Amino acid sequence: MSTARAEVPGAGSTGRPQPGFVRRCIFSTDHKTIGKQFLFMALFMMAIGGAMAMLMRWELAFPETPVPLMSWVPEPYMYGGAIPPNTYNSMFTMHATIMIFFVIMPILVGCFGNFLIPLMIGARDMAFPVLNMLSFWVGAIAAVILLASFFVTGGPAAAGWTSYAPLSAVPIYTGVDWGQNLWCISLIVLGISSLMGSINYITTIINMRTRGMTFFRLPLIIWALFITAILLLFALPVLSTALVLLLFDRLAGTHFFLPQGGGEPLLWQHLFWFFGHPEVYIMILPAMGIASEVISTFSRKPIFGYHAMAYAMGAIAFLSWIVWGHHMFQSGMNPALGSGFMITTMIIGVPSAIKVFNWLGTIYKGNIHYTAAMMNALAFVAMFIIGGLSGIFMACTPVDMYIHDTYFIVAHIHYVLFGGSLFAFFAGLIYWFPKMFGRMMNETLAKVHFWITLVAFNCTFFPMHILGMNGHMRRIYNPLQYDFLKPLQPINIFISISAFVLGAAQFILLANIIWSMAKGKRAGANPWRANSLEWTTSSPPVHGNWDGPLPVVHHGPYEYSSPFGEEDYLPQNVETPAKAAVAG
Amino acid sequence: MASSTAIPIRLVPASRGRQFGEGLPSGDLEAPIISNGRLAVLILLAGETMLFAGFIGAFLVYKLSAPFWPPPGLPRLPIEITWANTFVLLASGVTMNLAVRAVRRNRIARLRLLLGITALLGAIFLAVQGSEWIGLIAHGLRLSSGTYGATFYTLIGLHGFHVLCAVVWLMAVFAAALLGRLSAFRRSAVEICAIYWYFVCAVWPVLFYLVYF
Amino acid sequence: MEIASLSELIRRFWLPQGISTYSPRIDFLFTLILCITALVWVLVTVTMIVFMIRYRARPGRTAAYIEGNPRLEVLWTSITAVILIALALLSRSTWADIKEQGPPGEVFYKVTAKQFNWEITYPGPDGKLGTSDDVTVENEFHVPVNKVVRFELTSKDVIHSFFVPWLRLKQDAVPGRHIHVWFEATKEGEYEIPCAELCGFGHSGMDGTLYVQSEADYQRWLKKKYAESR
Ligand code: HEA
Ligand code: HEA
Ligand code: CUA
Ligand SMILES: [Cu+2]
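Residue numbers (my numbering), protein chains in the order written: chain Y, 1289 to 1872; chain F, 20 to 232; chain E, 65 to 294.
Hint data in this document are derived by calculation from the structure and do not stem from the laboratory. Just to be clear, a hint being listed does not mean it is correct.
[As the list claims (entries may be wrong)] Distance condition first, Cα-Cα at most 25 Å in a straight line; then the derived DSS-like pairs of lysine-lysine:
| no. | chain 1 | residue 1 | chain 2 | residue 2 |
| --- | --- | --- | --- | --- |
| 1 | E | Lys192 | E | Lys287 |
| 2 | E | Lys192 | E | Lys220 |
| 3 | E | Lys211 | E | Lys192 |
| 4 | E | Lys174 | E | Lys211 |
| 5 | E | Lys251 | Y | Lys1774 |
| 6 | E | Lys220 | F | Lys82 |
Bear in mind that the values here come from a model prediction, so they are computed numbers and not experimental data.
In isolation and in its complexed conformation, chain Y is listed as follows (with noise of 0.2 Å):
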């Protein structure tokens, strides 16, 4: 390295002057440091959609009792810290806006996408930094703005994360004023920020590649990270333009969604669920991306079928325009509609099914390293299997008629996001950690973290398939009210008791994070011996990502254990020396 930096001088970033406190950790333009305030704001994010899950999980096992420790909480939001049911309705409505919109989302695209998308195709910054940190803090006024709606008379939207009109139009029918605006508000903005995020990304993708980096040597983390950056570009704006005609309803007199002018309720969903359904994947494509990296490098393997991956990814992408109907079988919606929409739904379980299969080709026949971010990977694989499995039940149109609206959904929900998304995540963390913060992750704590997180996690989600099997309706404050649900009661309080456990086990990773941060041990260039370009530069990398001149890359991202190499894996820049010895 510092050879090659005597022989072009200046030619790195090192020779400019380091920029203060302010441009370098604030209003930064380097997308790594972009990539860290990304995941930061995730994680406090997290915990405040972390702690509203767990207050709804006390609710729905002790329904109607008073809260431990949260007397303190106000009328109307609380009475003496028991929970009203509009405090629940806007408490599911937040957690869910949260996580989705403010977690998995600034993490997997935000946080991941612009700390890796420039080092992995080896460029220097992404193609618009000051973009690149616009995007970032438009992303954090739309969080302020969700979380200011917390403190407005009427509290915050009720309606649910869906907000279906003509319940989340007028503000009497759920009694929330400004709540509701703000957090149209709030998405819009965010609308705006992924707007400028997605143009970096594909902007930055298509021509900042460096020499040698064709597409088809992109890591499969890449593809996906431009195929969501695709998706995020043409399903916001559907959301924008439903969330506008919304504002619109709730302030300025128009019947958009209320029948009495005129309006059309069932819009609100269409417009929602085109957007809504090529979210879900935004969520996973990524998670699946990281999947393939950790389980490619600790498996010492190349991926299984590469060019079969990315073009599952492809078609995930493209089915993801034609189902979004499968969110409204039951909503009077002509019911032919619903038969198209079912097939188009079962299809696109292939192109998953097609990814599932390659990731147990990667490990067949490997030389499998089970650090805590195989674990993770692994997980992700299993759980994503179950909520990929459950999501055919609620695909089939007639048994969806019985479970639609029922907990079977939220087991789904949870499997696919929680199981998928968050265990990605978490595997994610601990691989790029070294790179990230220039320390490894502990492993002990993170192998703690991922066996507690994965038992309670399964045993709070599991049991929603039988509550949703005997009609527990979702979005219910309190089961007791029903007759035919009291006896289900036990089971809600065991899936309580897991919650908690799992929300007490994220404090293991919080705690990880902030000791490895500070005190982990320090990590090499390429701690994992993997092939990528971000691991050819130091941890962290300097400002301009490679001291000298860029990588040059001369195959793809996952010769691990190639015939050619000395060692089991052969970076990308390194030329495969049988090849190298022919050139002579």
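Chain Y is fixed; fit chains F and E with the ligands onto it per the hints.
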């Protein structure tokens, strides 16, 4: 696992120092087929297209399901003046195109003139739209007058807002031209703005056809 | 926990009793999908665990260099596709029978949802809906057993969802729309009608009762209600 690389990392020296983004030297990049700025504005327009598609889709749902469109009792939209206004906007697309040619040939005086005319045409379009709106409001077409009024103001307003943004952007480019900051070497500022301008012009006839007829 | 409630709890690990003519068809599809997915899950998970144990890192081991296998790829893609498309085609007719056509109705009602009650409108003695002798009752839905019940579902304010778990029936009630729903209950009894779509702070607890009665009991009840309402 071992904690550092076993294989030496080979780096090739930087050949061309092309400038990207913040101006960090990016070494060994092949020149891309399409520049970052142009690509970015095209991507932006893809997103904008979806935004308009959402609004137009909603509009069509109401229009096609309504028994009478426009509903009886509400004022008709002024077609003649809007025809004229359409030509104004389309003409601005032509002058924009001429401006792009001028900057490519480095004819700066001509560029200034054409940019000025384009911005003026855009402003005229907005002004006429504005006066139309005032008339319609006076005649009782409100946002709250059923879906007819609501879709009219939101859809046309969305487009108007885009024209406004385009005009502001164009003014900035115009100012740069006046200050002599534009030349054949820095023509992409004009070209990128032009792409956006064409988009705004191209959307209008579609809306005009759907909304006014 | 008491023994009785424990056995009750265990019984709950399966679908509740079905009481409509179409509930067996839905339960069949549910069971079929459960078998397929359980099989897939066992296969995938067992394979994964076997691989995880067999191919764990040991000193001296090296991984095989395998980049893929197009034939395998085609094989598992087409098998999955065939299974899933077959499932969709199989489900289609059940769906069409329940939500698209259905048998001609024998008794007719109108159900109107509102925050936070179900309003059931019964035809009066003239047997016709929409006439002045209609009877409207809140939250009590009486129907005769073994008769094809048809009703028009709508809402006065927000979207609600008419749900009777034992009928396996769920249908959203949308303001501005009149949706036609049918079922034929095969077992007498009282069943709850929860609302399944979030409809505001009273959503939890919005609950009616479906009384499936013998024809005689049903007529007696209807007469009584009619007399009361005059
Ligand atoms: C990351 C998020 C994510 C992902 C990836 C998915 C993936 C899928 N989802 Fe899910 N879904 C959600 C998030 C997600 N979903 C959320 C949040 C909701 C609720 C929204 C709300 O109402 O609040 C929802 C709701 C939802 C519904 C609506 C239910 C209802 O409200 O009634 C349906 C219906 O069809 C559905 C189906 C599917 C299907 C078929 C897949 C498929 O993509 C899954 C494909 C994967 C597999 C099938 C497993 C792997 C395959 C194999 C091992 C091969 C062999 C398999 C067979 C032969 C069967 N989802
Ligand atoms: C990514 C998405 C995501 C995640 C991670 C979760 C996580 C959890 N969810 Fe959530 N959930 C949704 C998405 C998600 N959920 C959605 C979309 C809905 C539908 C909403 C609707 O109907 O509108 C829903 C609904 C939903 C319901 C149904 C409510 C109802 O219908 O009445 C329930 C009930 O049990 C529930 C429970 C939980 C629990 C116990 C967790 C637990 O896993 C939470 C565990 C806790 C944490 C992960 C955070 C704790 C961490 C710390 C305290 C320390 C860390 C802090 C830092 C690092 C700073 N969720
Ligand atoms: Cu009515 Cu929920
Ligand atoms: Cu979906």
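Structure-based check of all given hints:
1. Lys192(E) to Lys287(E): With a Cα-Cα distance of about 15 Å, the restraint between Lys192(E) and Lys287(E) holds, given a limit of 25 Å.
2. Lys192(E) to Lys220(E): With Cα atoms ~22 Å apart, Lys192(E) and Lys220(E) stay inside 25 Å; holds.
3. Lys211(E) to Lys192(E): holds, 17 Å
4. Lys174(E) to Lys211(E): holds, 16 Å
5. Lys251(E) to Lys1774(Y): holds, 22 Å
6. Lys220(E) to Lys82(F): Distance ~24 Å between Lys220(E) and Lys82(F) Cα, so the pair holds.
Every hint, counting from the list given before, is met by this structure.
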